[in-house]
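*Asks:* One letter stands for each residue in the lines below.
2 protein chains.
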Amino acid sequence: MDEFMQAALDEARKGLGEGGVPIGSVLVHRGRIIGRGHNQRQQRGSTVLHGEMDALENAGRQPAAVYRESTLYTTLSPCPMCSGAILLYGIPRVVVGENRTFLGEEALLRERGVDVDVQQLPECIELMETFIRTSPDVWNEDIGV
Amino acid sequence: MDEFMQAALDEARKGLGEGGVPIGSVLVHRGRIIGRGHNQRQQRGSTVLHGEMDALENAGRQPAAVYRESTLYTTLSPCPMCSGAILLYGIPRVVVGENRTFLGEEALLRERGVDVDVQQLPECIELMETFIRTSPDVWNEDIGV
Numbered sequence: 001m002d003e004f005m006q007a008a009l010d011e012a013r014k015g016l017g018e019g020g021v022p023i024g025s026v027l028v029h030r031g032r033i034i035g036r037g038h039n040q041r042q043q044r045g046s047t048v049l050h051g052e053m054d055a056l057e058n059a060g061r062q063p064a065a066v067y068r069e070s071t072l073y074t075t076l077s078p079c080p081m082c083s084g085a086i087l088l089y090g091i092p093r094v095v096v097g098e099n100r101t102f103l104g105e106e107a108l109l110r111e112r113g114v115d116v117d118v119q120q121l122p123e124c125i126e127l128m129e130t131f132i133r134t135s136p137d138v139w140n141e142d143i144g145v
Numbered sequence: 001m002d003e004f005m006q007a008a009l010d011e012a013r014k015g016l017g018e019g020g021v022p023i024g025s026v027l028v029h030r031g032r033i034i035g036r037g038h039n040q041r042q043q044r045g046s047t048v049l050h051g052e053m054d055a056l057e058n059a060g061r062q063p064a065a066v067y068r069e070s071t072l073y074t075t076l077s078p079c080p081m082c083s084g085a086i087l088l089y090g091i092p093r094v095v096v097g098e099n100r101t102f103l104g105e106e107a108l109l110r111e112r113g114v115d116v117d118v119q120q121l122p123e124c125i126e127l128m129e130t131f132i133r134t135s136p137d138v139w140n141e142d143i144g145v
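Chains as they are written, first to last, in UniProt numbering: chain P, 1 to 145; chain F, 1 to 145.
Bound conformation, chain P alone:
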């Protein structure tokens, strides 16, 4: 696993340790992490801070040029909201830990020219499978089901 996906997975595990939904993300600009985050539904009662959104929020205000040279790493396939944020800011590349437990808007992202690289990593799949099995209600709430 490359160092950036490892950092995203570390975020996911940090979230799990806090009693939260174990999805993590990092925003990488020119080989440097400029934002790290994880899902904040349980911890902060947040409905908008999915892992990817939390990473974007923690990266702070950036000029458009920075987003356009960045890659977003996320442990799970990005939902419609997070995919929309990727499109809003024109992030050209997304690296996804897995899409077996949840398939987000990868087709829309590709249709709009985003490079989506799904790595199907066993560590990411196992983390989500365990969480979905033990906390189905929180998980369904997180994806609007």
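Reference listing, derived: stretches of chain F covered by chain P, where coverage requires no fewer than 3 residues with Cβ under 8 Å from a Cβ of chain P: (1) 48-55; (2) 61-70; (3) 79-92; (4) 137-144.
Some chain F residues judged to face chain P by a derived CB distance under 10 Å, without partners named: (5) 41; (6) 45; (7) 105; (8) 108; (9) 112.
Source of the hints: derived by calculation from the structure; they are not laboratory data.
Heads up, the beta-carbon is just placed ideally off N, CA and C, and yes, glycines get one too.
The hints should help you fit chain F onto chain P, whose structure is shown.
*Replies:* Only chain F this time, still in chain P's reference frame:
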């Protein structure tokens, strides 16, 4: 203007009074406002709290059934991120103050079955026209340009 769009416009004006991007939103469930919000880029340095996202965040955690009976009012056509949030939570109806100064993902929303009602209100248009003229840099940053 109906009372809910007026409440969204009040939020937009509150944001302007705080030195922020003047876009406001309310989430309405069965005729009652359950979340109000406005863009928080300037006020909180937020890149994810657009008006619609702030209203969703302030509505707090809701069961899927609540979103599916709700209408989101927003003074401006929803960007890709906010449109994605609408799709994530399955909000079936969006009432938009105007789309003259910015056209968001209305086509995608309609394609996915969301009822999008654009009211083209002079008050909303004027608010954004003035803001874009006086603060073009902040505005461009807000829409990833």
